[in-house]
Amino acid sequence: MSIFTRSVPFRANTIKALNDPSLRSALRHATETFAQKRSEAKASVPFEAWRDDASAMRSDVLSNLSGYLDLFRARAVRAGATVHLAKDAGSAREIIVSVLKQFSAKRIVKSKSMITEEIHLNSYLHQQGFNVVETDLGEYIIQLAQESPSHIIVPAVHKTRRQVGRLFAEKLGCDYTEDPFVLTKIVRRVLRDEFVSADAGISGANFAVADSGSIVIVTNEGNGRMVTTLPPLHIAVFSIEKIIPSLADLPKLLRTLTRSATGQTLSSYVSVITGSRKPGETTGATELHLVILDNGRSEIVNGEFREILKCVRCGACMNVCPVYRTVGGHAYASTYPGPMGIILTTLLERMERAHTLLDATTLCGACAEVCPVKVPLPRLLRRLRELRVEQDFTTQMERRGMDGFALAAQSPRIFHLGQKVARLSWPLLKKLDGNGALVRMPRPDPVTFTRRMQ
Amino acid sequence: MRVQLFGTCLVDTFFPETGEATLKLLRHFGVDVVYPHGQTCCGKPADSGGYSGAARKAAEHFISVFEGNDPIVIPSGSCASMVKNHYPELFKNDRRMKEKAEAVAERTYELTQFLVHVLKVHEAGLQGKGSITYHSSCQLTRELGVREEPLLLLESLRGAKFIQLPRADRCCGFGGIFMARLPEVSMALADEKADAIVSTGAETVTGCDHGCLMNIADALNRRGNAVKVKHIAAVFAEGLE
Chain R
1 MSIFTRSVPF RANTIKALND PSLRSALRHA TETFAQKRSE AKASVPFEAW
51 RDDASAMRSD VLSNLSGYLD LFRARAVRAG ATVHLAKDAG SAREIIVSVL
101 KQFSAKRIVK SKSMITEEIH LNSYLHQQGF NVVETDLGEY IIQLAQESPS
151 HIIVPAVHKT RRQVGRLFAE KLGCDYTEDP FVLTKIVRRV LRDEFVSADA
201 GISGANFAVA DSGSIVIVTN EGNGRMVTTL PPLHIAVFSI EKIIPSLADL
251 PKLLRTLTRS ATGQTLSSYV SVITGSRKPG ETTGATELHL VILDNGRSEI
301 VNGEFREILK CVRCGACMNV CPVYRTVGGH AYASTYPGPM GIILTTLLER
351 MERAHTLLDA TTLCGACAEV CPVKVPLPRL LRRLRELRVE QDFTTQMERR
401 GMDGFALAAQ SPRIFHLGQK VARLSWPLLK KLDGNGALVR MPRPDPVTFT
451 RRMQ
Chain E
1001 MRVQLFGTCL VDTFFPETGE ATLKLLRHFG VDVVYPHGQT CCGKPADSGG
1051 YSGAARKAAE HFISVFEGND PIVIPSGSCA SMVKNHYPEL FKNDRRMKEK
1101 AEAVAERTYE LTQFLVHVLK VHEAGLQGKG SITYHSSCQL TRELGVREEP
1151 LLLLESLRGA KFIQLPRADR CCGFGGIFMA RLPEVSMALA DEKADAIVST
1201 GAETVTGCDH GCLMNIADAL NRRGNAVKVK HIAAVFAEGL E
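Just so you know, the sequences run in chain order R and E.
Numbered according to the working numbering, the first sequence terminates at residue 454, and the numbering increases by one at each position without gaps.
Numbered according to the working numbering, the second sequence terminates at residue 1241, and the numbering increases by one at each position without gaps.
Just so you know, the hints here were simulated from the structure itself, not pulled from any lab data.
One should not assume that every hint holds.
As the list claims (entries may be wrong) - Partial list, derived from the structure: chain R residues whose beta carbon lies under 10 Å from chain E: (1) Val99; (2) Lys101; (3) Leu266; (4) Thr282; (5) Val327; (6) Gln396; (7) Arg440; (8) Gln454.
Just so you know, even glycine gets a beta-carbon here, dropped at the ideal spot from N, CA and C.
Excised from the complex, chain E in its bound form (with noise of 0.2 Å):
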């Protein structure tokens, strides 16, 4: 099978290992990625904070960018859900594109769905090392309805011990624009999540998206915590060197 893959601007500025250890999750299972190489970033942040022109500048962008018939993959289930739910509301006075919007949402999938729903990896067998805790995202459990998924694969982690995070589905404060536009409140909530985390005793915390996973990271450094922040995806790959 072969798929595209958009790394997401937060993973290709920032977290590129996580791209990497996508793409040797996705090889592992015997997929062929194409990474295509005019992608930028998904227009989230403009769409989230209202500046819908911006937001369909971008999505205008991804749409001829990613064309063809694979499905796109991405490791964020905040751009997944921006390209599936936000790009046909978008184009919704633009018939021409919003057919183009829909086909495109069609094909996408967050990185645990594709894993699980379209690779049918149950269990996949995975090693894993160490105890893991798992903060679910807002628009991956609302927007996309990915619940199931990132837990199936990390209790079936060999060697790991899964431990529930208490509240897990509770914002963890980053919001986009709002990290920017109401800091202090972003913050109290980042403390709230890492209060959580720690509780858990466990060694490692992990999501499917790096916008949370950055302000969960922020939180614990400001009380110099050792919990390991990592993208699902890095917990997958780890285990297959």
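The following block holds chain R by itself, in its conformation from the complex (with noise of 0.2 Å):
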């Protein structure tokens, strides 16, 4: 069938994810911790208001989005930054290139950014001869094993400690070490020297300040500060949605982000950068320039989607999916995993190549507990299934199966039918079951419920 083969092979991809031991226990360590840390950082403060307060921050924003986004534009401007608007992938790749070349630019330094794996950036910027180098550890353990992230906040959650000491000794040249301290020192100096000599860095951006014009960057590491003030030039992209107001209202997502992300009361580093470097300033691009990504937002902000737009990226969704949990980022096979990942890449990419990934919940609804700014993953998550449905993205067989069960829910007599026909058929019905969920299930009672009942 035509219309399965450009989606994602989700069922093969679980199937191989089970079979790896030490992906998985990569992956119950890493979820456990993190979602053990986000309780102990909740439980001490009025977490649930919190939530309500960032949630309607967030829905503020996307109902006047169009108005912060010009309002974001002047002030940015005005402070010295140079605003680009792209309309797709492509273009904004286009928009970045032609900006580095502007500057002669050949050696880029990048801190982590989902975006700019969204739009492909580092394998289009090799093609076109620019050297790049992630400068985040985790995705530059990603880079170096020519792999993509597995999770949106810790790219490389899928590989253990062990693997990246082999690694590290395959392509660093470096003694085969598995303690995380000497490793991140090993990183800390080939890094150095790629800072110093950088042309230019490029970024992401947590949040835009609409009333400033600033862009916000959350990290940990410090290679955010870095990339964004050693090099002469700048250069930031994000997405349509990323606006908040005013500084004044950063607070309310950096206490949610922080704690549902990783669990800490604040990252260790928040840069609030207005501008490029202003005269008599010692630090700090004198170029920057901001690439504001749209790639289908507009379309969805308009649309019954609009919530998933209230997504800060933490990734709490996924570190307590049940799916995610066991088969990791990878088998998704797109730069969003897990709950939040689902809808944005359906949204996105389109169901005819997503379809396959609302099978990964059980809409169980853990992840609607944790989110820091409410968005009602579950209800999009089933409503996405009824327009795969709608869109005709289902098996023949399954909807027929539906069929069957409308008519036998609406008649009694069917119903009753149905059942003495599937205890009767039982050992035949399991073995036509090619997905093997009859065999799970016991054989059917000779005497029903209803029939003890008269």
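Two chains, two frames, some hints: make the complex.
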């Protein structure tokens, strides 16, 4: 069937993941640690009230997004930044390359950014002859291994420290060690030279502040500061929904974001960058270019899935998701995994590619319980399943089964007949059942409860 | 007091003893139980699969069968939540049906919710036996908000020892259509749940949803474990003998 050829082979990917014991143990350890730290971090604060505040602010932004964007552009330009609007991934990549060429930049350092993953920036820059080095430790590991992030805030979460030790020994020629402290020191040394010699720094932005034209970057490793201040040129790429109204709103998101993401009361660094370096200032890039990406979002913001754009990318929903916890991010074969990822991927990349990802939820609701901005994830997931049916991305067998179900549910006579047929043909049904769900169920009882009640 | 009992299609087809236990338990507390014979399935499997058309047909049938004003009692958190939370949503574009759905939702209770909130059975004084642990199912806790009610009743069982299940609120991997779509992940999650159950050393594991219990029983069977899997109604009804 042609409609299924472009889709993510999610079930096959899950089977592969389930057969990888080191992946499973890395995932178990990481997701449990993060979920645990999150619970501890919220225990002594009025977290529910904070979630309400954060959620209300994000909703307000989305209802007035174009107004806030206009304000942001005007203020950012006034502060000395150059602002570019990119309609899609391709135009974002081209804008970035033309800015790099304009300033003859060849060597680029990057701080962690999911948007640059979404637009597949690194491979494009590489093709165009640029030298790009990721400087977030996790991203650096992933880049060395030539992989993609498997978690939006912990990109190398799927790797054990033994695997990292072997990777470093092989690629960097250092002695094998699995001591995280030593491994980090090795990366620090390598990256120091990169920072000093870079012509340009590329970052994302966690938030873009409308009334001051600032961008905000939340990091733990300090590499973000290096990337955005050492090279003469700084390019920040972020999507339109990252806007917040003013700096006074920032604490509302910071206190919920970092607690939800890593269980920290605050991250080690919060950088607020307003425009380029001004006369008399001693730090900061002399050229600041902001690339604001739409890539389908202005369509989403006007539709019934608007609330997914409230997401602040903390990763809490994936840490508690039974499916993500079990198979990890690579199985989703998309930039954003886990509950928020399934929704965003389906909307950004269309049903044709993403319909299989809609299987990746038990609708257990654990994600909605932890989301710091109260995105109704299970409701959106269920609604997308409804669209999957409406757009005919389910198997004919399942559709026929559901037609039969509807008939039986409306007619006790057909329902009872169905029960009888199922009981009598149970061994045959089990044999015919390709998925093996029936094997895990008991045989129907010879005397149903309804019969017993007569 | 008179109630209407919705057995659920799983109980009706696979676990009729649980239906009988529910009946016995309600009668023990002086409830007059009516069993509407036209009942089939609440439509949950279709609804969570995205088949709203089929789900609406099941919902319409349910609403027509469960007429009147008596409370509707359901020994399943998932089915009770379907009626209480999803029926009104299914008919949001049909004012007449939406009103009916809301009225039905209003008088629907999951079994332990009914025992604790309507019958005010806090310390049931029922007889239990052995050691028991409890899996809290997802729709029961997160959609219906029924967290403490089953625990209150289980902890008050005389002669039984209640053992808290670690990570009791984690999904067991059943998920209706999920079990058929991603059977390998479903089994891995059920295995994780079975590990937690075995770690308690309890002789019996109970819960309020036969979907989860069926999935858990399969995981325990696969490893040849002797932990008994019983619906909460059966645990309580045993003490009445």
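*Going through the earlier hints one by one, which of them does the structure break, listed in rising order?*
1, 2, 3, 4, 6
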